[in-house]
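Trainee: Take the sequences, apply the hints, and build the full model.
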Amino acid sequence: MNPHPENLTVSPREIAAPAIERPIVVYAGYNVMNQQDHWDEATRQLILRRIHDVPPIRFFSPAEAQTLTALVERVLPQGDRPPDRRIPIVPWIDDRCFRRIIDGWRFDNMPAEDEAWRLGLRGVDQAAQAHFRRPFVDLTDDQQDVVVRLIADGSPPGAAWQYLPAQRFWIYVVLRQVCSIYYAHPISWDEIGFGGPAYPRGYSALNHGYPEPWEVREVRLDETSR
Amino acid sequence: MRLHVNLSPNWLLDAEMREYPTDEPVDFCIVGTGAGGGVLAQRLARYGFSVVCLEAGQWMDSEDDMVSDESGARPLYWNDLRITGGNEPLQLGANNSGKTVGGSTVHYAAFCPRLHPSDFRLRTLDGVADDWPMSYGDLEPYYEAMEREYPVVGPSPFPWGQPHGYPYAPLQSGTAGHVLIRGCMELGIPVVPGGPIGITSGTFGKRPHCIFRGFCLQGCKVGSKHSTLVSHLPDAIDHGTEIRAGCLAFDVPVGHDGRVTGVRYYRTIRDGHDQEEQQRARFVVVAGYAIETPRLLLNSRSARFPDGLANSSGLVGRRLMAQAGQVVWGRFDGMIRQYKAPPACAETEEFYETDPRNDFVRGYAIQSVSPLPIAMAHMINEESPTFGWELRHSMEEYNHYGAIGVLGEILPDERNYVSIADATDQYGIPVAYAHFNLFENDKRLIRAGVRRSLEILEAAGAAEVHYVDRYAHLAGTCCMGTDPSTSVVDQYCRSWDVPNLFICDGSVMVTQGAANPALTISAIAARTADHIRDAAARRDL
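Residue numbers (the numbering used here), protein chains in the order written: chain A, 1 to 226; chain B, 1 to 541.
Hints should not be assumed to be uniformly reliable.
Ranges of calculated distance between the beta carbons of each label pair, as one might list FRET restraints [as the list claims (entries may be wrong)]:
no., chain 1, residue 1, chain 2, residue 2, range
1, B, 157, A, 53, 25 to 31 Å
2, A, 85, B, 155, 45 to 51 Å
3, A, 53, B, 272, 17 to 23 Å
4, A, 210, B, 272, 45 to 51 Å
5, B, 264, A, 216, 52 to 58 Å
6, A, 200, B, 269, 30 to 36 Å
7, A, 216, B, 414, 30 to 36 Å
8, B, 172, A, 34, 38 to 44 Å
9, B, 167, A, 167, 31 to 37 Å
10, A, 149, B, 459, 31 to 37 Å
11, A, 134, B, 414, 51 to 57 Å
12, A, 221, B, 144, 54 to 60 Å
Simulated from the structure, these hints should not be mistaken for laboratory data. Keep in mind the model is a prediction, meaning the values are calculated, not measured. All C-beta atoms in this analysis are idealised placements derived from N, C-alpha and C, irrespective of residue type, glycine included.
Mentor: Dropping the structure here:
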């Protein structure tokens with residue numbers, strides 16, 4: 001949590017507790033892929049490859065991939081959508097590690113990203129064992145969330161965390177990579193009402209947050225809960 | 001060689017580019033093609049010198065290689081390894097450097113303000129940092145030239161710094177830009193919409209005007225946003241410059257006379273295949289920005305220069321500066337849809353100068369930001385590492401967020417530095433380590449800037465506000481000065497130690513104010529070129 005500078009008047013983050021396990025904002029009927037004829041070909045092909053050419057698992061062991069799948073589902077749950085509308089995340093993390101893709105930097109106290117994932121997944125299981133005496137994948141959703149919170153708070157039990165700063169792993173590896181993959185997928189753009197690729201058409205409704213004629217207005221499902 | 005590169009929908013650069021043999025010395029070998037190297041190459045070529053630019057990145061065709069997609073912009077960035085540390089480790093990669101013909105100008109937001117006259121005299125006025133070896137007046141004609149050549153659009157007159165106005169009309173702002181404007185107006189804070197930014201509001205040569213697609217940081221497919229790729233490099237090529245792409249410099253060798261003889265580099269022949277080459281040159285210019293420049297110099301060790309090239313002062317890599325770039329965002333009940341229109345579209349410099357009522361010296365600007373979804377998610381991740389449905393709900397509000405950013409001056413300090421790490425890159429070359437801390441004045445300034453930004457958002461009607469720490473715009477690692485023991489280069493970017501070596505990028509900046517650095521880097525490059533021309537005419541180069 002970022003401590004706000006002292007003497008600031010900041011309204012507290014509004015948290016619905018417990019979180020409602022369904023979307024609270026809907027752009028009903030919005031499907032950004034219906035706009036693909038208006039996109040330039042390079043962008044269109046890139047997005048289509050992202051949707052259809054999901055890479056195989058080549059880096060993680062089957063057990064690691066299972067743990068990672070369970071972890072990713074806690075980060076951004078997708079159980080509200082039918083299986084064919086779920087965004088593949090684990091294969092792209094695996095692809096990054098397999099091809100040793102990095103973003104140009106790492107912290108001086110962190111291992112390389114592929115090693116960090118491997119070490120971190122071991123740490124997730126060690127924390128689960130220390131707390132619940134069972135591997136992470138065998139825990140209930142609520143128990144898994146307890147383990148995740150131990151990691152996010154920075155001092156989970158487990159030998160792996162001696163070599164891997166837990167908070168940095170959580171924010172700069174897990175959250176960052178999962179969100180980078182999830183919010184690169186058109187299904188997430190439908191979810192948040194993002195207009196997506198915009199060349200050569202551009203945008204013309206620039207004022208008052210208006211939608212373009214092909215965009216959809218939001219419907220809020222949380223009016224009673226707010 | 002034949003170039004065949006789209007620079008805009010109306011502009012296919014279909015030109016014969018001159019090629020120089022590597023074993024015959026060219027007049028100038030320039031490492032880097034960004035805001036410094038790109039402008040310097042164009043000027044020197046026009047003045048009749050033979051110029052080869054070594055660019056680590058590749059050509060990016062606006063139609064085939066650039067995309068309207070956040071994660072697809074990855075090929076524009078410097079993704080090779082760097083190590084980061086200190087109390088406030090800098091996030092490098094995408095935000096802070098580019099690896100493509102045109103350097104990071106290809107993916108910068110294109111805010112193009114000038115420094116203020118006071119920026120050149122911090123030691124005299126505030127007793128901190130150092131004065132520059134040049135005055136604002138020395139750079140002013142070059143600012144004017146760059147504002148016409150980039151070009152820069154914005155208000156006229158412009159209310160801050162030395163009085164001036166912009167040659168081209170301001171660009172329309174989107175709803176996200178109006179957040180900053182509305183908040184400032186509510187509080188009575190002067191604010192300007194539509195500039196100063198390097199994005200054309202009308203057709204400029206073969207560059208159409210902006211279409212408000214909002215992907216400025218992903219490379220402008222329209223060609224309306226400035227980069228040296230569209231502003232200066234085509235003209236440089238017209239005047240005989242060779243841009244040699246895919247060439248990563250790793251050593252600047254020195255001859256027996258203490259002069260550099262050229263540049264050694266790895267050239268990518270095709271994917272995954274490289275060969276070592278050496279370009280001979282009468283003069284070498286290092287223009288690789290504030291991390292790669294000191295890395296190259298520190299890696300260029302020899303018997304004569306055991307601590308790295310041009311480093312008798314011990315200051316190569318020292319005084320690494322960033323600018324405070326704290327992003328502050330709020331949730332508004334109304335829709336913002338911040339992905340529309342360029343992120344750079346409005347700013348205030350009302351708090352730029354030292355104010356005796358503050359508990360710190362110098363100041364900050366506040367500018368529009370407008371992150372796309374992935375960048376927005378990363379901000380949420382860092383501010384509050386929530387997960388699960390809470391995270392999904394936070395991002396469902398994407399279209400209700402409006403974001404503005406502090407751009408705060410961070411003072412140079414020798415305890416912030418770039419050095420050589422133990423790790424190596426894919427070529428086996430030792431990579432850079434960047435060490436960054438905040439000191440007391442920086443912390444106070446940032447606190448004030450964040451507080452002011454939160455007030456502005458609340459005045460604009462934000463229902464809840466958030467912020468994250470960000471740092472951008474690296475500078476200062478080969479600073480210019482008047483004394484060889486306390487600086488690396490003179491006011492014309494020439495190394496004190498090696499007479500035929502120049503450094504011409506953000507690393508020479510003594511301070512960097514609260515203004516985005518690209519325009520200043522280009523203005524310094526243009527001034528350096530004029531000095532080189534005049535010195536050569538006097539046979540004094």
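Trainee: Work down the list of hints and note, for each, if the structure agrees.
Mentor: Here is what the structure says about each hint:
1. B:157 x A:53: 25 to 31 Å: violated, 54 Å
2. A:85 x B:155: 45 to 51 Å: holds, 47 Å
3. A:53 x B:272: 17 to 23 Å: holds, 20 Å
4. A:210 x B:272: 45 to 51 Å: holds, 48 Å
5. B:264 x A:216: 52 to 58 Å: holds, 56 Å
6. A:200 x B:269: 30 to 36 Å: The hint (30 to 36 Å, Cβ to Cβ) holds, given that residue 200 (chain A) and residue 269 (chain B) are roughly 34 Å apart.
7. A:216 x B:414: 30 to 36 Å: The hint (30 to 36 Å, Cβ to Cβ) is violated, given that residue 216 (chain A) and residue 414 (chain B) are roughly 55 Å apart.
8. B:172 x A:34: 38 to 44 Å: violated, 27 Å
9. B:167 x A:167: 31 to 37 Å: For residue 167 (chain A) against residue 167 (chain B), whose Cβ atoms are near 49 Å apart, the range 31 to 37 Å is violated.
10. A:149 x B:459: 31 to 37 Å: Holds: the Cβ-Cβ distance is about 36 Å, inside 31 to 37 Å.
11. A:134 x B:414: 51 to 57 Å: holds, 53 Å
12. A:221 x B:144: 54 to 60 Å: Between residue 221 (chain A) and residue 144 (chain B), where Cβ atoms are some 55 Å apart, the hint holds.
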